[in-house]
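K.L.:
Next come the chains, spelled out residue by residue.
4 protein chains.
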Amino acid sequence: MAYYSDYLALDELLNAQHCESAKHGDAAHDELLFIITHQTFELWFKQVLFEINSVITLLHRPYVPEQDVATCLARIQRSNRIMEHLANQFTLIETMTPGDFMDFRSYLNPASGFQSMQWRILERTLGVPESKRVLKHYTEALADEHKRALDAATAGTNLFQALEHWLEQIPFMETETYAFWDVYRKAVADVLENDRAEVRTLAADDGTDPTDALAQIDANERGFNAIFETESYEQLRESGARRLSQRATLATLFISTYRHMPLLQVPYRLVDAIIELDKFVSVWRFRHAMMVSRMIGMRVGTGGSSGHDYLMQTTVRQRVFDDLTSLSSFLLPSKNTPALPDDIVQRLQFVNEQR
Amino acid sequence: MAYYSDYLALDELLNAQHCESAKHGDAAHDELLFIITHQTFELWFKQVLFEINSVITLLHRPYVPEQDVATCLARIQRSNRIMEHLANQFTLIETMTPGDFMDFRSYLNPASGFQSMQWRILERTLGVPESKRVLKHYTEALADEHKRALDAATAGTNLFQALEHWLEQIPFMETETYAFWDVYRKAVADVLENDRAEVRTLAADDGTDPTDALAQIDANERGFNAIFETESYEQLRESGARRLSQRATLATLFISTYRHMPLLQVPYRLVDAIIELDKFVSVWRFRHAMMVSRMIGMRVGTGGSSGHDYLMQTTVRQRVFDDLTSLSSFLLPSKNTPALPDDIVQRLQFVNEQR
Amino acid sequence: MAYYSDYLALDELLNAQHCESAKHGDAAHDELLFIITHQTFELWFKQVLFEINSVITLLHRPYVPEQDVATCLARIQRSNRIMEHLANQFTLIETMTPGDFMDFRSYLNPASGFQSMQWRILERTLGVPESKRVLKHYTEALADEHKRALDAATAGTNLFQALEHWLEQIPFMETETYAFWDVYRKAVADVLENDRAEVRTLAADDGTDPTDALAQIDANERGFNAIFETESYEQLRESGARRLSQRATLATLFISTYRHMPLLQVPYRLVDAIIELDKFVSVWRFRHAMMVSRMIGMRVGTGGSSGHDYLMQTTVRQRVFDDLTSLSSFLLPSKNTPALPDDIVQRLQFVNEQR
Amino acid sequence: MAYYSDYLALDELLNAQHCESAKHGDAAHDELLFIITHQTFELWFKQVLFEINSVITLLHRPYVPEQDVATCLARIQRSNRIMEHLANQFTLIETMTPGDFMDFRSYLNPASGFQSMQWRILERTLGVPESKRVLKHYTEALADEHKRALDAATAGTNLFQALEHWLEQIPFMETETYAFWDVYRKAVADVLENDRAEVRTLAADDGTDPTDALAQIDANERGFNAIFETESYEQLRESGARRLSQRATLATLFISTYRHMPLLQVPYRLVDAIIELDKFVSVWRFRHAMMVSRMIGMRVGTGGSSGHDYLMQTTVRQRVFDDLTSLSSFLLPSKNTPALPDDIVQRLQFVNEQR
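For the record, the sequence lines run as chains A, B, C and D. Residue numbers for the first sequence follow our numbering, so the first one is 690 and each next one is one higher. Residue numbers for the second sequence follow our numbering, so the first one is 690 and each next one is one higher. Residue numbers for the third sequence follow our numbering, so the first one is 690 and each next one is one higher. Residue numbers for the fourth sequence follow our numbering, so the first one is 690 and each next one is one higher.
No lab work stands behind these hints: they were computed from the structure. We treat Cβ as the ideally placed atom computed from N, Cα and C, and that holds for glycine. Check the hints yourself; a few may be wrong.
As the list claims (entries may be wrong) - One side only, chain D facing chain C, incomplete, derived with CB under 10 Å: (1) Asp715; (2) Ala717; (3) Asp789; (4) Phe790; (5) Ser971; (6) Gly986; (7) Thr1004.
Claimed, not checked - Derived PhoX-like pairs: lysine-lysine, alpha-carbon spacing no greater than 20 Å straight-line: (8) Lys821(D) to Lys836(D); (9) Lys735(A) to Lys836(A); (10) Lys1024(D) to Lys712(C); (11) Lys1024(B) to Lys712(A).
Whenever a hint applies, use it, and build me the whole structure from the sequences.
P.N.:
In structure tokens, the structure reads:
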């Protein structure tokens, strides 16, 4: 092949900045910054989509070899560093003041909004459900051609589904003589019973009323039970409080609890990295919403509901992997963790360390 | 004076990490990270408070010499870099997994929440009003001694008040023959009238109905008028929609409009830097809320309203300088900006460049 | 104009990634990351070049209005944030391991080196002199067409020259009754004489030999004198120890000394921002050299002098504004700074504050 | 335990900033920034030392269980993020201008240099050999008490030694019928022979002289041979060109070559993370050297060799793990990698995936 500049297609790339203000004979110095900021965002979105799609392909198979889990982890971690870097990139566009933006803003109509097709594809690829989407009309307002492109690009399995599928295959949670959920549930019950005894002793010593503290423990217990009982779990799913299947949820709890076992170390890191991905996507949205609010203020005349408000709602409501994040509530300290049966411990080792 | 280690008080500093888990005979490796993360946050909060208090002192005087405005700018910009750095510092504590946190979390009771006195002082020093405070009971729950310390540390003028005071003193907005607001309001009316004409022409050409577009322009006009008329402005303040005085608001609009004049360059940058400060404080809150949600999940048993939800609300609701941020809505492009009278142009020059 | 994707030319942009490994039927997952990293570098280099060229245009005029100095400052500060961001961007490409790079490295020949034309243009635009260039053969090896393009893009004034020109015009250093250099030199002499007296007193009290300490003070004095005397200054320039003209050097010292005067605040910040630019360009080079050393190790078979060694030398030797940086050695503390004459103080004020 | 402020020892921490300028009745605003920057550096150095010492303890044992390798990896990665964060922290102190530093610099004597004991301990703990130390007199100038403290803190095994020890234990490189180095050397010879054939064919087609290209291949071959032959390897060690033992070097090559095998994934990442640690320590040194050069310029009167020059030399010369970094030169593309014998493949699997 030829030279660096050919390889990188620099002729196309470096001639793809077309300032509208100059076309209107009113060149605004800061428009180039605006263009290049968005172009580099788009290039990096392409990279993140490439990584996540490769992870979906690796995870969404009948059997996922362990060495591929490490590959998935590396690719999600890379995506996280990219999204973190892009969130910080808002600092660059924010060297433009609102006054300077005003000088070319009107030339951008109707393109001034953030109408990135790749961002929408990214959201669907992660698994943002249409029901959680804050701005449904964004999609509705798309040209038919773009709607079809969006649908085509996201017709396959999304990351949420691929992860759920992979988690459901984790084979170590039950044997003929062992079921993780029963053992774990018993450990939880012991911890809570111990908590109750402590509360009662303390109340007796102090002469105080233990009612509230005990009610809190009862509420905790109901929270745990809702995870372990299939019927109540399905109610949570129907109400929208949970989205992940019960089996995948319990598998995540299993992996988190026995995260130090050789075979579970990388899976635990993968789940954690996906929580991080969800976070950095949210951080990007938050920085974006802050930038928009500074650049264009509140839209004059609308009754309190500005573009900025909508954007801010997306930062939290459109998170995809809350079910993983919220599982922290259900972890036990190491000292209360029930021991694994020997045969499962064996299967979680390396051949070389087998005893 | 003596050596580096004495100067920096390293003996005290490096012996001030007391791990609770070790005291309980159950040493958790990651507790040191937890402590040092919070200690470095606190040290940098001290620095930010020092900078902001010095800015308040400089601005809250009957007359503020121009050279001190540049000093204020440098100190707010420094505070911004610190807050940006601290927001990124959450990346370090997030190398701790929720499972590892669980191993020492219980030893931190009742200190596990983020109960930073300096953070509360910082919020009050910026000017977060008690009415916007999301978690009022945080302050109510303080020990009397701490309440008094908090009140004592924030008894003086806050940054919001000092900035408002300084903006109100800007002396260039009116002369015997000139009033900025009248001229600006006329320029706005011209722009809007022009917009209406364009809408009508377009509608006539297309055969479409201009009603909605014209209503939008009317709404814009009402938004502008509400800023310029004293009575409607005071209604906005009473309703809580605006907090800054009308005079300070118009001064900000004046500075922003004529930001290229030598005497207004630094004031414009100062207003912009304070918008940035508000932003970075929000970014810090957002990263904090995300970290908490990952570490402790949702509190089991509470009816949907978790600590995380409260924290997330503070990121937006507790912003202090929204009135500055939202002024972007009222800027005009350079080409529509009315010219300044010559005598004011003269006063905004350097002696050396006087014509 | 049309839509976001047209405005940003996303069709060209997002279809400009051509993986060589795939063309050879041996697709390597990480090649896309390699391409996008370099493409985003190039896009941002275009932005930095645009900013710096605009600063050169503003500074290289017979008279530079003060308000344009603030514009220059904002654009250099923006360039600094971009270069800082790009230095951190190496973290993204470094998520690729050397082993993974090896899988497509051979397909990049002969383009595998960093042969960025824009980077060379940037170096010349800053003012890297050919004499300081570490890798002269890089330029010699260029195709004739590229050599001509490089020469054409850098035929004009560079930033070093424009800055020197602007500094030489600073008009406040002398009047009929005042010459900054004489007054400053006397202040330096007083400080050094005081130092000598202290050394002698201390030696007499301790019974120690003051010879070495006095010799150090003499050496300091010679350093100062070499700046103030035209003949010795020109010797420094001929030897390559200094590059900036004596007048520009003294102007920088004047600006730094009286940096709190209203008219000098922004010029001082501009000089400081250019020192920062030099630094961030060096930091970028350093991060680049570290990345190369990790990816390709040392070139096998060459006698110790690897590509990495050359790159590392460029980080320090190719700095352009060392003369500004090193002036810190010649500053006096505020308490030893000689007062300015009243007529100059007047000229450094705003009209509005004139007394 | 008690409250947040007690837990974090905030009374000691926030009262440990003692400004020398204020003690001299000449308070300089920026001294607090100087102190807090260095104090937060020191707190984070404590954390990094804690992590690295824990890794040394885990690695320097007769047998290192695989699950502990993942723990080591997490702790080195955490150290890397901390060092990266600290390198960026120089941006904060650099908001202080050289002029403002000059106002309190003289009060810091003799403590003005960077005399961090923890930094020296960190360098020794990583394994910087005394022979590579640029500034030997720094250590010689220490008070006896500090020398003893330094020696005591670094009396044990350093990270270089612990890593070498662990690498030497890797048990998969040879069996009765297999020796990694023989197989790998043959693969290298095949690749080079193929290169030679290509060169000759090309030369015959073009009518050019293949001598130089063939000489380069010969040089490559000698480079490879020097690694594989014990005698020549020992010569490299004696000359200082290599420091790691031959066995550890070959183990690193083995791990890198078969990095996709389940049992080698985490070890490969660990070696890579340690290369990153070396890099970030260098980046910190570079940023430190740049900061010093801006703050104090070149020392007047010394003949060209300034403190800055020394600091800059340390950035490259005091790297510890160059032997790991340079191994990239010896990797082969996947397509040329020799296959592993079946019995070794088996031992590198998980029990659960055993065939």
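K.L.:
None of the hints should be skipped; say for each whether it holds.
P.N.:
Tested hints:
1. Asp715: With a closest approach of 7 Å, the Asp715(D) hint holds.
2. Ala717: 9 Å, holds
3. Asp789: 9 Å, holds
4. Phe790: Status holds, d = 8 Å.
5. Ser971: 7 Å, holds
6. Gly986: Since the shortest Cβ distance to chain C is 3 Å, the answer is holds.
7. Thr1004: With a minimum Cβ separation of about 8 Å from chain C (threshold 10 Å), the hint on Thr1004(D) holds.
8. Lys821(D) to Lys836(D): 19 Å, holds
9. Lys735(A) to Lys836(A): 18 Å, holds
10. Lys1024(D) to Lys712(C): 16 Å, holds
11. Lys1024(B) to Lys712(A): Holds: Lys1024(B) and Lys712(A) sit about 16 Å apart, inside 20 Å.
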